[in-house]
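Input sequences plus hints: build the corresponding full structure.
Chains as they are written, first to last, in my numbering: chain V, 429 to 1144; chain U, 429 to 1144.
All copies of an identical chain are treated as equivalent in the list; a pair is satisfied when it fits inside any one copy or across any two copies.
Cross-link-like lysine-lysine pairs, in silico, BS3-like; alpha carbons within 25 angstroms at most: (1) LYS517 / LYS1092; (2) LYS1058 / LYS517; (3) LYS846 / LYS1092.
Hints are computed from structural coordinates only; laboratory data are not their basis.
Number of protein chains: 2
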Amino acid sequence: MNLRNKNLIKPPCLNGKSIEHKRQELKDYFLQTWAQYESLFSLINDSKAYYLRPEPLRHPLIFYFGHTATFYINKLRLGKFIDQRLNGKLEAICAVGVDEMSWDDLNSEHYDWPSVNEVIEYRQQVSVLIEKLIDTMELTLPIKQNSLAWVILMGCEHERIHIETSSVIMRMLPLSYLTANENWPTCDETGVAPENELVKVDGQKVVFGKPESDDTFGWDNEYGYDSITLNNFETSKYLVSNQEYIAFVKANGYQQTQYWTNEGQQWLAFTHATMPRFWCEKVNDSGNKAYYQRNLLNEIPLPLNWPVEVNYLEAKAFCNWKNKTYREGNIRLPTESEWLCMRNQLEGDLIDWQSVPGNIDLAFYASSCPVDKFSQGNDLFDIVGNVWQWTESSIDGFQGFEVHPLYDDFSTPTFDGKHNLIKGGSWISTGNEAMKHSRYAFRRHFFQHAGFRYVKSDHQPLPNLASNHYETNVDICRQLHAHYGEIRSNKPPTAKNYSQQIAEQVLASAEKYQISKQKCLDLGCSVGRVSFILAQYFSQLDGVDFSAGYIRHGVNLQQGNSIRYTLENEGDIVDFHEVKLTDVDLPRGDNIHFSQGDASNLKSIFSGYDIILAQHVLEQSYDPRLFLKKVHQRLNANGLLIVVSNYHFDEQQANKSTWLGGIKVNGENVTGFDGLSAILTPHFTLLEQHQLTRTLKINQRNFELSFPHLTVWQLK
Amino acid sequence: MNLRNKNLIKPPCLNGKSIEHKRQELKDYFLQTWAQYESLFSLINDSKAYYLRPEPLRHPLIFYFGHTATFYINKLRLGKFIDQRLNGKLEAICAVGVDEMSWDDLNSEHYDWPSVNEVIEYRQQVSVLIEKLIDTMELTLPIKQNSLAWVILMGCEHERIHIETSSVIMRMLPLSYLTANENWPTCDETGVAPENELVKVDGQKVVFGKPESDDTFGWDNEYGYDSITLNNFETSKYLVSNQEYIAFVKANGYQQTQYWTNEGQQWLAFTHATMPRFWCEKVNDSGNKAYYQRNLLNEIPLPLNWPVEVNYLEAKAFCNWKNKTYREGNIRLPTESEWLCMRNQLEGDLIDWQSVPGNIDLAFYASSCPVDKFSQGNDLFDIVGNVWQWTESSIDGFQGFEVHPLYDDFSTPTFDGKHNLIKGGSWISTGNEAMKHSRYAFRRHFFQHAGFRYVKSDHQPLPNLASNHYETNVDICRQLHAHYGEIRSNKPPTAKNYSQQIAEQVLASAEKYQISKQKCLDLGCSVGRVSFILAQYFSQLDGVDFSAGYIRHGVNLQQGNSIRYTLENEGDIVDFHEVKLTDVDLPRGDNIHFSQGDASNLKSIFSGYDIILAQHVLEQSYDPRLFLKKVHQRLNANGLLIVVSNYHFDEQQANKSTWLGGIKVNGENVTGFDGLSAILTPHFTLLEQHQLTRTLKINQRNFELSFPHLTVWQLK
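Next up, the structure:
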């Protein structure tokens, strides 16, 4: 084998003893990344090629050529590490890529792209600036996320990502625009693929997440903690080869919608694809039609023993076809946990390896290679390297996920259930991309140097982490923050959490009037904090809210999960939050039953309560009278009804004819409390009333401040 | 003369020494009012008449028969003086009259009116209840506005008003439904009227408003203080008689729109009126067409020497016609001040008079009488009594006006410029109606037993008080309250008034950086408080706001006027406020020039400032950059720009492309402060920044709480 195995410089460690040595390490890593990027672009032999758009959903290459340099400047300015721009026009035009997340968003904007020389000159300026920054910056070890050194590392890893994505775009350029050189060698080993087979993988507890203590740079989505315990399963020994996949193509797999997901069918209808993106069918030298494969720098007869390169939708369709054809069942793509389980068969990571164990890190080829070339782990091949492997897992943050403040949209826009993880890296994955904890995810129709392996498993459901997307409904987010998140804010300086105020009044009333603490109803429980507090004192607690969108968060918290939500910081800028019960020192409350329910039409099973708390139910019901008129039937003898309301009736919420107050009735002003009292008085005695203080954060500078009324009524 | 002069009981005084004596007085007054009401209704000889609607804009008489009794119950319940209703259905259906304010609101609702006997029985129950309350209530002297005794007096005076208005409706019933009796005698003195003539009235300073110390009950609109100094003027010696008015009718006055206001023309088009409402033209005994007049209980050939009864629109048209016809000019209706000037010629008031000086208080007739029957004052007739006299003054509250909390819509809905005052009382005006300070106002098309006299005066403009209607624009009201009104609220307990916080920062910066205090611009001055504070320290202060709706309040305050506004209490219920500069211990600031101006397109004269303060201008401009980019040209050397903003940009206010921040620019988060700094930095140095605290009251229980950012920039 003609293995070059010319390892690139490893990513710098965050720790170290010598500051000056670390400076040099950073500079070397920066410069080598920089040089590698320019080396890739040097394959282009005609500047015209920079302005073509072989993939209409992406910018032309001139954008990417400038983009990685402008990224440094834009992030350095954002972090206030530099004051001045170098080239405002370039830093604007090369700042925002076409959203790679959607295949049907055509971008028809007109761009006034710079010349190649302009970008080359600009890159030179940026390089000088970064080198000078590295030489002169304050540097303390270990390198922390808020440091300038971290931003430099971020810039390097960002550029390494674009080495890979640019190579994918170049793979779509007409070959005439590219000239191969010895730094970018295509593998020449082609032939028949081995028969794939299933190999047993031992189940284990898989732990997710790069530890905070890890010694290398990581993107935000890598940190945090989660775990899944896997049963034994089987996996394909090799990546699926062109040879294995061609059977699906020849079986008219692309024409049979039964194998395709809905999304896959839509993609097929849009693209009219009939084979993988980098295949083509041509008349060969013998005058017969034959398949060819386009690599970065050449086109060759379809190398049957190389991995097929497809998107998730195609890989998924293949598995479905395989299940159907061979009646095996249970063949599917691995999940992230299953891939990690395989990955655990490899020792060490990129920074430990003396020589890399596969076709990765540009150590061998500027192309794929045979699927049976790199044996890894227990009788498997290509656990890492060659091409990325699609998984059945959509990306999400682990527990404890936090965005990096200088790149808050690196990951969060992909936490939407529409971006699936690819694992393992390809021949051109370097730096962070090639490391164990890295997590890259793309829309399921997207092309990278990516293929797949499959697994066979009885695991039901899929061994995926529960998805935990950011709640973005503004009202729900405000409630989540008010219930669980505001302890992190230092303003406004209100006395006590609002839910806590309510719960304390309920408990104080129960004590004062010697009410049994068997059964309590928390009506209008929202995202549940009052329920969690009261459940510590009552035998049974029913939390009911009109909206399932709120209830589901209570249920999730009860299950020990954390909840993610966004909150406006200013305008379109949002803050990302994650909360869990332990943040507010509350137990899970196994005696709570959360359910969706309509206060104005509450099921009869909701009865026999010692205390009914109605939180903001009056003003949020379409007809509060329907609730109030019969609530006495739901209470035990001497039971308490505790009503919290700001009497803020609103025509958006309820027809004015149903308002309890804030209206003229027969010509006289009737307040909400008047209306409430009129209905309750026949069955209840008013024991006490209190004014509460509630603040609801709207954004960084604006809050709603209100003084709701809490009234305690005892059944006569 | 057959003068009966049987004086009714006088209204009780508020003061007194004997509680028991006062109880008796109150009871007598209540019972006599009650009896008088029933006496009036006893003129109806057929219960069918109770359900007719001779005036389609008013309820049938059965409503009014029940209404004055239900009024007691509804107000007593509102004031929490009683707990129970006597008859919920009746108290609902007889509670709200058809709005007497508009002549084109047809009321087509279906009412399920009670029977006459039901109302009689109900009145009996109410009477028993009120008598018992009078006997048993806590009573301290003097009677205060918040006492039960005041509510009883209010009920009496309310019923006396309806004695009069019901008599007007009865005057529209077919005569066959009414049977005269000796308690309701029509005057029989008819004949030719004296020639009217103008009599000189000496000018004087007329003082408005019933003193708080007055010893009788008054409606809310009577209290407060104002004054106008009048020049000498002339007034018609007599009320305008039928004889004087018939010339206008015969001159086709009702057909010639030139004499009529726009409102008068609309009314004519709607009603097709050709003569006064209580006239009709019939064939008389001689077979000739002749005019007749309908009185309460009979119809007689037009009594030429009685006062004509018309609405304001007709009276006004008559004056216009008279000016045109006789080329005299300056003939018009008197204003409230001019009527008061005449009224000052009469000594004492109803409670002082041994015998009443005119056809008023039901002392003589149940009808009008000749205009030359009651000589009063200096050669005038009917300053009070006979029929009400329309004025040129629309009603408004005097300075210091406050609504009575149990009847907050007695006056306020009429403070709209559409309700003109009638003065002097009619033959059936009793109690408060017949007193000097009383102020009743009706829509200008409305009919009462009302006519007019005219004046001739050179006074320009009309000697009316400036109108001071309640501001009701929600945003402006909230600003007025935040600037001037919040001292009356005890919540939320914020440190210091927001305008005060800003002004203090401006003054502190001026001091600290030794800035000259010649000229200051307060841009976004809203309703002006910061301008008023700063004007004490600067030689010249320009207050500029985008909206004239705000500026006009600053101007008004500067002129020493008070400002009225409403603020939501709860839902449709509002609180009424009145503020003036002295409430917040501020001088008028003669060195302030308030003007409307657009920050994004500010005139060049706004320059040469030592300090420019921009309050919430950034987020309220359609393009804040237009202001910021050139603001340095408006400052003197070393001048300060002080910017206050919460950076709350909003697409309703400005296109997102103009936002300074809260957006992604070239992919990176840019805050409002970032955007502000980017524009200002070339010309300014940031000296300091502070966080302010602002609360804006929304209603009784809800506030907006924000923490705006104040930044101080010095011109480089």
